[in-house]
Amino acid sequence: MTPTIVTTDLQRRFGKTVAVDHLALSVENGEIYGLIGPDGAGKTTTLRMLAAVLRPSGGSASIAGIDVVRQPERLRRLVGYMPQHFSLYGDLSVLENLTFYADIFGVRGAERRHRLDRLLHFARLEQFTARPAAHLSGGMKKKLALACALIHQPQVLLLDEPTNGVDPVSRREFWDILGELHLEGVTILVTTPYMDEAERCNQVGLMHNGRLIRQGRPEALRQLTPGQMLAVYTPDLLQAEAVIADYPGYLAHQVYGDRLHVFLDVADAAALERFLTNHDVRVQQILPDAPRLEEAFVYLMTQVSDA
Amino acid sequence: MSLFRLWTIIHKEFRHVQRDRRLLVLVIVSPAVMLMAFSYLFSFDVSTARFAIFDRDRSPLSRALVQALITDKELIFVGEVGSFEEIRSGMQAGEIKLALVIPPGFAAALEKGRTAEVQLLADGTDAINSSTFVAILSARIGTWAEPYRPVEIKMPVETRALVWYNPDLKSSHSMAPALLAIVLILPAMAVALALTREKELGSFESLATTPVRASEYVLGKLIPYIVYGLIGAAIAIAVTIFWFKVPLRGSPLDLAGFIIAYLLATLGAAMFFSSFISTQSTALRAVLLLFLVPSFFLTGIIIPIDPQARLTSNSLPATHFVVISRGVFLKGLSWPDLGPHVLALLIMGATAIALTMITFRKRVG
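Protein chains in written order, with the working numbering: chain A, 1 to 307; chain B, 308 to 672.
Treat the hints as calculated values from the structure; they're not laboratory data. Hints should not be assumed to be uniformly reliable.
Claimed, not checked - Heads up, simulated DMTMM-like pairs for lysine to aspartate or glutamate below, C-alpha to C-alpha not over 25 Å straight-line:
id: 1; chain 1: B; residue 1: LYS506; chain 2: A; residue 2: GLU96
id: 2; chain 1: B; residue 1: LYS552; chain 2: B; residue 2: ASP379
id: 3; chain 1: B; residue 1: LYS477; chain 2: B; residue 2: GLU402
id: 4; chain 1: B; residue 1: LYS506; chain 2: A; residue 2: GLU219
id: 5; chain 1: B; residue 1: LYS506; chain 2: A; residue 2: ASP103
id: 6; chain 1: B; residue 1: LYS506; chain 2: A; residue 2: ASP280
All values derive from a computational prediction rather than experimental measurement.
Let the sequences and hints guide you as you build the complete structure.
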């Protein structure tokens, strides 16, 4: 079966800046695909081109076999798009915003009533139907935007940082909703800066400087970090960082707040503690740890920057 | 085009205006307020001719002239002065614009059948008004002196001036209808703001991914502002008729029709250039520079149209509406008489709206 979302050599330049550079993305039917990467990696530009609100400078992209450049209007009923920034009408109430999108998509009569009820319930917004959208909390705004993007029951959802600036509880709730949509068979392409969210995706693609540097299942990506990992807790982080590369079997390290994650050929905690103590590093604790997607992501980023 | 989607956009746009008090004021109240302000600002009425008299003759005849002038209802008599110094200080302080000096020997000259001379001193810093005041006062003195004409001189050509449509030459009668053209640019400003606000707030990005079509979006934005523009126009017209007492000699229905044509032209043009602008502040400046300022100076409202700038003037909707509005109000003109101007507005409107639809793109950036 051909993937639902395919981009081939997709490019977008803004003047001399290359925002998206020969991007080859493929999202299978029914997947939750997480696009991760630092700010300016080209995630938003990619989603805008897929939503057919931005013209590519080169290459092609299609959703369910429909070319996004040549047949953008055929996409409208198929795709639901949620831009990064709040894009509803602040002066209209929750219900008025939803009704507006229902009307624009020609959802009418009993069907409209049915879908409005369902989406309001789904987005946990039943209590706030009369509130102007501008007066909603950040999380509620995002849920309303999602509800509006779902009013025409799209088969494909494009979500641009849907949980950015949202509190953790609302974030979890939002992902529960995405989980329900996933079960209904909706294909979801979502960008996110949060690694714990990327862990909830079927596939993760890492974007950097407009290119896709790696894609795969989260558990596969986690394995990309080399060797074994030890977490070193020490008050002398700077000193530890300065000497760690001299340790035999050293592969890479990352600093996380009060601790140092060290990747080694062989994870011998006792040997490492001796080495550090000899180099004037006070060691509080060394624990073996399994690398998360975050470590893999940071490792891949440093690989790319060094190359 | 789906009429249902068109109605959806219209309905939404009405709500935006209803809930935005500033926008509501801009389209409904501001035209009338601006009309009043500008009418007074650009009033060239003689009633502001404040004048003083310096009677150095102090004869029964000179007193009779003074009496005749100070009871004139059109002129504002400030007082009599006793020296040139007083005239100077009066003008410096702006209390008087004009002074009449009756020299000694005024009565003697008249009685002997010679030509008597009087002097008019005018404040030239206010050139347009001063020349009008001098002409008015000269005319009044001439009328008063008629019985003293020594010999009946037959002029080869005698001019008898009669001013039609506005016999009293009230400036408000010609200004208020013309200023309607200026104040009815406000709805165009509102529609330019509405289009750019949608882009600025980001709601356009979501709307662009719906099945809405260019025609539905453009007409959906246009129609509500034409309706609000008409309400604003009705209030401004009420001010023109009831406050400035300008007679509406033509048909109110014709006038409404012509206003719709004018709104189509101005709103259409505002929408067209707004489609290339992404911020409200730029849109506001564009309306001011491309519409409001030229409409003041190039359309014959305040200064006559420069024949060399005729093409520029004719390309401004306001030029045509000034002729239409003055024609309907003061001359009672209708369709056949104003046809070319109404047609010009309709062509401008249709062209601008068609261009807006053709160049409309459901894209951001």
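How the hints compare with the structure:
1. LYS506/B with GLU96/A: With a Cα-Cα distance of about 20 Å, the restraint between LYS506/B and GLU96/A holds, given a limit of 25 Å.
2. LYS552/B with ASP379/B: Judged against 25 Å, a Cα distance of about 22 Å means the pair holds.
3. LYS477/B with GLU402/B: Holds. LYS477/B to GLU402/B sits at ~23 Å (cutoff 25 Å).
4. LYS506/B with GLU219/A: violated (41 Å)
5. LYS506/B with ASP103/A: holds (21 Å)
6. LYS506/B with ASP280/A: violated (59 Å)
Of the hints listed earlier, those the structure fails to meet are numbers 4, 6, in rising order.
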